[in-house]
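Engineer: Just so you know, the protein sequences line up as chains A and B, in that order. Counted from 1, the first sequence has number 22 at position 22 by full-length UniProt numbering; the numbering is strictly sequential. Counted from 1, the second sequence has number 95 at position 95 by full-length UniProt numbering; the numbering is strictly sequential.
No lab work stands behind these hints: they were computed from the structure. Any given hint might turn out to be false.
The list treats identical chains as one, so a pair stands whether inside a single copy or across any two.
In silico DSBU-like links for lysine-lysine, alpha-carbon gap of 35 Å or less [what the hints assert, rightly or not]: (1) Lys58 - Lys47; (2) Lys181 - Lys120; (3) Lys103 - Lys10; (4) Lys47 - Lys103; (5) Lys103 - Lys120; (6) Lys120 - Lys58; (7) Lys181 - Lys103; (8) Lys181 - Lys58; (9) Lys10 - Lys58.
2 protein chains.
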Amino acid sequence: MSTTKALTPKGAATRQRIIEGTSAEVRERGAAATTLDDVCARTSTSKSQIFHYFPGGKEELLLAVAAYEADRVLFDQEPYLSSLTSWDAWQGWRDQVVRRYRKLGVHCPLGVLITELGRKTPAAQALTGQLLEQWQGRLRAGVTAMQEIGEISPELDADQIAASLMATVQGGVVLLLSTGKSDHLEAALDTSLALLRATAAPAKPRDPELLHVGASEDPT
Amino acid sequence: MSTTKALTPKGAATRQRIIEGTSAEVRERGAAATTLDDVCARTSTSKSQIFHYFPGGKEELLLAVAAYEADRVLFDQEPYLSSLTSWDAWQGWRDQVVRRYRKLGVHCPLGVLITELGRKTPAAQALTGQLLEQWQGRLRAGVTAMQEIGEISPELDADQIAASLMATVQGGVVLLLSTGKSDHLEAALDTSLALLRATAAPAKPRDPELLHVGASEDPT
Numbered sequence: 001m002s003t004t005k006a007l008t009p010k011g012a013a014t015r016q017r018i019i020e021g022t023s024a025e026v027r028e029r030g031a032a033a034t035t036l037d038d039v040c041a042r043t044s045t046s047k048s049q050i051f052h053y054f055p056g057g058k059e060e061l062l063l064a065v066a067a068y069e070a071d072r073v074l075f076d077q078e079p080y081l082s083s084l085t086s087w088d089a090w091q092g093w094r095d096q097v098v099r100r101y102r103k104l105g106v107h108c109p110l111g112v113l114i115t116e117l118g119r120k121t122p123a124a125q126a127l128t129g130q131l132l133e134q135w136q137g138r139l140r141a142g143v144t145a146m147q148e149i150g151e152i153s154p155e156l157d158a159d160q161i162a163a164s165l166m167a168t169v170q171g172g173v174v175l176l177l178s179t180g181k182s183d184h185l186e187a188a189l190d191t192s193l194a195l196l197r198a199t200a201a202p203a204k205p206r207d208p209e210l211l212h213v214g215a216s217e218d219p220t
Numbered sequence: 001m002s003t004t005k006a007l008t009p010k011g012a013a014t015r016q017r018i019i020e021g022t023s024a025e026v027r028e029r030g031a032a033a034t035t036l037d038d039v040c041a042r043t044s045t046s047k048s049q050i051f052h053y054f055p056g057g058k059e060e061l062l063l064a065v066a067a068y069e070a071d072r073v074l075f076d077q078e079p080y081l082s083s084l085t086s087w088d089a090w091q092g093w094r095d096q097v098v099r100r101y102r103k104l105g106v107h108c109p110l111g112v113l114i115t116e117l118g119r120k121t122p123a124a125q126a127l128t129g130q131l132l133e134q135w136q137g138r139l140r141a142g143v144t145a146m147q148e149i150g151e152i153s154p155e156l157d158a159d160q161i162a163a164s165l166m167a168t169v170q171g172g173v174v175l176l177l178s179t180g181k182s183d184h185l186e187a188a189l190d191t192s193l194a195l196l197r198a199t200a201a202p203a204k205p206r207d208p209e210l211l212h213v214g215a216s217e218d219p220t
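Isolated chain A, as found in the complex (with noise of 0.2 Å):
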């Protein structure tokens, strides 16, 4: 959240309506052509509102809304993501995954955002970084939580795992940013949790249907 001061309620509440409105801009027009004065028509603030909240004018205001873009991006996966306890909670947050990147299709609100700020720029590194840990440490908790009760091999990193999962999200929503389509997300997202689920602890009866994992080739 950057700079937030201690603000009243109601001030809190107007620096979150000019964010939201920022937000709901940018996603229509995109960062570059939103101007401080489409933002004050939308959200119904004067400039100098906008700058008493921000002082460092768009540049503060997009950063904030970076922020915000950022919390969504995880609070759209929950429930499920902080959840990950069962195969149902990780079908449903994959179902919850593709939900979103389907519907906001080639827009990609926070990349555009991050675009605009200087993809290299501390701020937005910093941002970037943070949501990525965050992210990462929850599918992490959800590896961790499944390997306890036998469902994923205990042999497995379960910090592996997660960033293996984070750079398939990432890459079925490029290839959505690129392509239009949702079917390397699904696929990636599929395959991954398929072969995840199969290395089940094989004490468990197992299920025909499973890929036949545990079995080796031998080394020639």
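With chain A fixed as given, assemble chain B onto it according to the hints.
Structural biologist: Below, chain B without anything else, positioned relative to chain A:
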């Protein structure tokens, strides 16, 4: 290759020199900042020569450079990509991909060009679509080859796996572009390959160490 006319060998060589010089220029300073004057200076050609080979000027030239960069994306994965018929070859491919993108770092020349040409223009979309198709086709051929020799479960859908691997690579690269580190790319490739490897036909003896992701267990 867009609008290549029938060229003499010398003409084809000049055209190629212009493309390669422009590619180097774009890699150094970006597509937007590259001018035809820069290209002339770098490739020892005149403006009239450039317009002879690229009557559409900078835009046509950048499109030809994008096609060249797209070819390089595939070429840089050879000789492995076209011959993914053993786990050694897959490992070689994995290493080559990681090496390529580590070397490029936070710069993606093709991405820069596609952005400059307009991500949603028909020409850019055709180029991206073709690259994805070829890339995915070669991965699919590799998966099929491994299924035929019993190294990947025949029950898996080779096209889904190939699409998933495409997303894995793209996601890893996107995260590399954003974080500057190849951790996600490596984790994602290692996880995908380890999980695929573990699906091999169950007739063979089991190796309890096999599921340990990242462990290189190939004693060839």
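Engineer: Quick one: which hint numbers does this structure break? Sort them smallest to largest.
Structural biologist: none
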